[in-house]
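Undergrad: What follows is the residue order along each chain.
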Amino acid sequence: MQLHKILVLMLLACAPLPGMTSGQSSPPEDYCQWKVVDYTIAQPLCGLAGDPQRGREIASDGSRGNCLACHQLPIPGIEAYGTIGPPLAGIAARLSVPMIRLRVVDTRNINPVSIMPGFYRDPQLINRPGKAYRGRTFLTAQQVEDVIAYLATLK
Amino acid sequence: MIHLNKGILLCCAVLLAMPLATVLAGEAKSGYEYIKPASRAMQDDDFENPGLLAVERGQVLFNAKQRGAGKTCAACHGADGAGLNAGNIARYPVYNEDAAEIVTLQKRISRCREQNTGSKSLPADHPDLVDLETFVRNRAIGEAVNVQTDGPVAELLEAGKQLYNTRFGLIDMACYHCHEMYPGQMIRGQKISQGQANGFPAYRLGTGEITNLHQRIQQCLTLMRAEPFAADSAEIRSLGLYIMSRSNGLPIETPAVRY
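Taken in order, these protein sequences are the chains called X and S. So in my numbering, the last one in the first sequence is 155, and the numbering has no gaps at all. So in my numbering, the last one in the second sequence is 259, and the numbering has no gaps at all.
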């Protein structure tokens with residue numbers, strides 16, 4: 001009986017939860033509040049520091065940031081870019097980091113009808129999220145800060 | 001001088017207004033105009049279009065007695081659906097006043113099948129029903145989509161429009177974001193279409209399957225990381241009706257080839 005229980009538990013532990021894809025296997029992180037002042041978010045999310053190299057990978061990864069779906073990025077070797085949003089080459093010469101942060105976190109504070117997803121919106125504001133995505137932000141706070149750190153290098 | 005200035009102003013106004021008016025009028029364009037030339041060629045060639053396999057499967061089901069059935073669809077509607085009316089097919093989804101509900105072409109086929117042939121009931125979007133729907137819709141190829149938009153259906157149509165303009169899922173986009181604001185733009189390697197329904201059921205290159213409009217809506221919602229509406233739910237019927245009404249006037253292309 002005891003052995004039986006242990007076996008069942010082991011099986012359960014190995015079985016992936018339905019609807020989960022790579023990067024979603026961990027439970028949702030605690031959501032950090034952020035504040036908009038003069039169309040900027042000055043403070044890094046959760047006080048985290050970003051890594052530009054990781055940010056570049058996240059930005060061009062279709063299953064994570066997927067910035068390329070809509071924006072052109074100055075990354076060699078990418079075959080297809082989207083044309084919905086503006087090209088991002090030189091973005092840091094046009095916008096400060098706190099201005100970039102607001103646009104990545106939730107650009108609807110600037111344009112309420114924008115097609116651009118908020119990469120760090122309050123999960124409670126998401127309408128009808130899929131089961132695997134409940135309580136989650138599009139990217140984690142660390143991933144958002146990484147992407148911002150990468151965009152800050154595009155001068 | 002004043003006249004000249006006025007003339008120039010008028011010219012400018014007309015020139016500016018013309019393309020704007022075309023855009024604002026929202027001229028409906030089939031997804032055919034947005035897919036790649038190779039996909040268009042695939043759709044146009046009956047030996048290359050994989051959607052024709054679904055038409056053929058549907059044709060077999062239509063002509064043969066199905067499990068538990070007393071008679072065939074063809075017994076009433078003619079061999080290969082020769083007695084079907086293309087104009088009527090193009091009106092779907094229709095509104096049934098008695099039941100106060102939207103009836104899709106598949107639902108009409110499904111009910112007819114159960115009530116008149118005595119066939120075993122099948123759940124919504126069962127592969128056999130999608131094949132039958134594809135076959136029957138294909139009988140009306142070239143006929144202009146003609147969904148009723150006034151009268152008692154207007155309220156359900158409005159509910160569909162509301163859903164069309166509502167953001168869903170973690171990606172938090174509404175249908176209108178892609179299909180009204182950005183048709184013609186690229187999303188990665190694919191051109192965004194107006195999301196017209198005249199080619200559905202269509203063969204999807206992205207999945208390799210025949211896909212009806214409701215299934216396509218569900219797939220789009222899943223892509224938005226949203227919880228899709230259930231098959232045959234009131235929401236998906238309203239949304240499907242609204243989307244089909246946007247295609248009024250476009251020729252039926254079933255089975256289209258789409259990404």
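None of these hints come from the bench; they were simulated from the model. None of these values were measured; they are calculated from a predicted model. Misleading hints may appear alongside valid ones.
Using C-beta positions, here's what the derived DEER-type ranges look like [as the list claims (entries may be wrong)]:
(1) V113(X) to K29(S): 18 to 28 Å
(2) G184(S) to A132(X): 46 to 56 Å
(3) C32(X) to Q115(S): 15 to 25 Å
(4) G184(S) to Q124(X): 30 to 40 Å
Some chain S residues judged to face chain X by a derived CB distance under 10 Å, without partners named [claimed, not checked]:
(5) N49
(6) L53
(7) T166
(8) L170
(9) M181
(10) Y182
(11) G184
(12) I187
(13) I192
(14) L221
(15) E227
(16) F229
Think of the CB as a built atom: it goes at the ideal place given N, C-alpha and C, for glycine as much as any other residue.
Undergrad: Decide, hint by hint, whether the structure agrees.
TA: Here is what the structure says about each hint:
A hinted range of 18 to 28 Å holds for the C-beta pair V113(X) and K29(S), which are about 22 Å apart. Our hint of 46 to 56 Å for G184(S) and A132(X) is violated, since their Cβ atoms are close to 32 Å apart. With their beta carbons about 58 Å apart, C32(X) and Q115(S) fall outside the hinted range of 15 to 25 Å. Range check, G184(S) to Q124(X): Cβ separation about 35 Å, and the 30 to 40 Å hint holds.
With a cut of 10 Å, the hint placing N49(S) at the interface with chain X is violated, because the nearest CB-to-CB distance is about 25 Å. Annotation: L53(S) was flagged as interfacial toward chain X, and the flag is violated, the nearest CB pair being 30 Å apart, outside 10 Å. For T166(S), the interface hint holds, since its Cβ comes within 10 Å of a Cβ in chain X; the closest pair sits about 7 Å apart. Taking 10 Å as the C-beta cut-off, the interface hint given for L170(S) holds, the closest approach to chain X being about 4 Å.
Here the hint on M181(S) is kept, as its CB sits about 6 Å from the closest CB of chain X, short of 10 Å. Checking Y182(S) against chain X by beta carbon gives a least distance of about 5 Å; that is within 10 Å, so the hint holds. Taking 10 Å as the C-beta cut-off, the interface hint given for G184(S) holds, the closest approach to chain X being about 9 Å. For the restraint placing I187(S) at the interface with chain X, the shortest Cβ-Cβ distance is roughly 5 Å, inside the 10 Å limit, so the hint holds.
Here the hint on I192(S) is kept, as its CB sits about 8 Å from the closest CB of chain X, short of 10 Å. Against a cut-off of 10 Å between C-beta atoms, the interface hint on L221(S) holds, since the closest Cβ of chain X lies about 8 Å away. Annotation: interface hint on E227(S) holds; nearest CB of chain X at approximately 5 Å, less than 10 Å. This hint holds: F229(S) has a C-beta 9 Å from the nearest C-beta of chain X, less than the 10 Å allowed.
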